[in-house]
Amino acid sequence: MSRTPAGAPLRAPWAGPLGLYHPGTSLLHRAPAGAKLAGLAVAGVVIAVAQGPFSGLVALGVAVVLQVVSRVPWHRAARGVRPVLLTALVVGAYQWWARGWATAVEVVTDLLALVMLAAVVTATTRADRLLDVLARLVRPLRHVGLPPETFALAVALLLRTIPVLAQTTHESWDAARARGLERDPRALLVPAAVRMVGHARATGDALAARGIGED
Amino acid sequence: MAVLALDDVVVTAYSPDPAGGADRVVTLLGPVALRIEERRVAVVGANGSGKSTLARLLNGLVLPSSGRVTVDGLDTARDGAAVRRRVGFMFTDPDAQLVMPTPVEDVALSLRRLPLPPSERDAAARAALARFGLADRAEVPVHALSGGQRQLLALASVLATEPDVLVCDEPTTLLDLRWRRVVDDLLAGLDQQVVVVTHDLDAAQQADRVLVVDSGRVVFDGDPTTGVAHYRDLMTNPRVGDVR
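Chains as they are written, first to last, in the numbering used here: chain L, 1 to 215; chain Y, 1001 to 1244.
Treat the hints loosely; a few may be bogus.
Said to hold, decoys possible - Looking from chain L toward chain Y, a few residues come up when the C-beta cut is under 10 angstroms (computed): (1) Tyr21; (2) His22; (3) Arg129; (4) Ala202; (5) Asp205.
These are computed hints drawn from the structure, not numbers from a lab. By construction, the Cβ of each residue, glycine as well, lies at the ideal position given by its N, Cα and C atoms.
Next comes chain L alone, as it looks inside the complex:
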C-alpha cells in the first residue's frame, strides 16, 4: 500500500498515469472500445494541431466533462494526473519564460487534457476489450510475420507492467528505509531492477505455461 497521511485509510498502489479499469455502467463504460480508441486518436490529433491557449482550455474542459460522465472517482483521476502535473508545471514555467504565457497555457492544458482523456479510456475499458481492438487493428501485420494477438498482448502487458514497476520500486524503497539506506540510490535501484527482471522472466514463464501467444 502506498504512504498516506497518519490516520487516513490506506490506498491501493498507484497504477500509473493511465490507471486501471474501474467497473461501472456509465455511458462511456458501455461505449465500444474501438470507438473510444478512435475518439482518443482524433482528440490527440486535434489537440496537437489546434493552436492557442483557448483550444487547450477547451480540450481540458472536454476531458473534465468526460471524467464526470465516466463516474470514475476523482481521487483515482487525481492520482493519475498528479505526476504529470509536476512535469506540466516545469515545462509550462520554461515555456512562459521562453515563449510567453499563451504558449505555456497551451502546452500545460494540452498535456493534461491528453493524459486525462487517455486515463478515462483505460478506466472505462477493460484490458481484454482493448486487446480485441488492437488485435483487429494490427491484423495486416500478419502478412509481415507479426501475429496480431502477440502484438496486442505485448501492449496489454506494457500497461500492466506500469503499476507493477511502481509497486516494486515502492517496496524496494521501503526495504531500503527499513535498513536505514534511504540515502543510498543503489539500495533502491539495484533491488528494483533485479526484481523487475525476475518479474519479466516469471511473466514469460506464466504466459508460456498457459500457452498464450503460441497459436
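Please arrange chain Y on chain L, whose structure you already have, making use of the hints.
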C-alpha cells in the same frame, strides 16, 4: 487418464564457478525414467532437490537436455503448444502467473486461445470465477485480492481452458492454513489428473502415488504412506553435505 512419460530424462544447466572460472555444467535432474497414469500424484523433496524442474518438464516449460518427455505420445520438445493445451500449470506465487489487471480479464486471457466471441468469452470467464467463489471479485484489481484469492484466481485461469492434466508447483506454500485447506480441497475435487509438488505431507498422503526427489534423482516411487515416511527419514537424517 493421460499418460505422462519421462524416458531417461536428464536436465543440465550452466552454473557460475565460485572460483571465477568458466561456467560449469551441473545436473539439475536425472536420469529419470517414469510413467505417470494415476489420477493424483504428489512429488515431495527438499528445496533445490529438482522437484520443480520435474514438474516443469511435464508442461514443456523446461525441456530435457537428453531423453524425452511425452504426454499421451506428444513430445514436449516437438509439440510444445499441443502439450500445453493438455497440461495446465500452476505456480507457487500467483503474482507470477496473473498478468491482467482484473480477475475476469485474466481468465479471459486464458480463453483467448479458444475460438469464442468476446461476449461468450466474458461469460465463460465469469462462470470460471463463480466456480471458485470469486464471482463478486471479478472486476476488483488483482492486487486488491488476498493471497488465497489470488491463488484461487490462478487456478481458475488455468482450469478455464479445461486441460486434461494440472501440474501444480507448491500451490499452497505461500498460503495460511485456512487457504491451504481450501486449495487442497479444490484440487482434490477436480476431475483432472493432478500432479502436485508439495511440502504439505498431509496433502501428499492423500495422493495415489508419491515420488520423493532428492539431489536430482527420484529416490522413492510408490505408495503415499511409505513415500512420506521415506521423505521424513531423509529430512531428519540428512547426509553430510546434503544441507546447503
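*Using 10 angstroms as the Cβ threshold, decide whether Ala202(L) counts as touching chain Y.*
holds (4 angstroms)
Residue hint His22(L), partner chain Y, criterion CB-CB below 10 angstroms
holds (9 angstroms)
Verify the interface restraint on Asp205(L): the C-beta must sit less than 10 angstroms from at least one C-beta of chain Y. holds (6 angstroms)
(Q) Less than 10 angstroms between beta-carbons is the criterion; does Tyr21(L) satisfy it with respect to chain Y? (A) Because about 6 angstroms separates Tyr21(L) from the closest Cβ in chain Y, which is inside the 10 angstroms limit, the hint holds.
Check: Holds or violated: is there a CB of chain Y closer than 10 angstroms to the CB of Arg129(L)?
Finding: holds (7 angstroms)
Checked against the numbered hints above, the structure breaks none of them.
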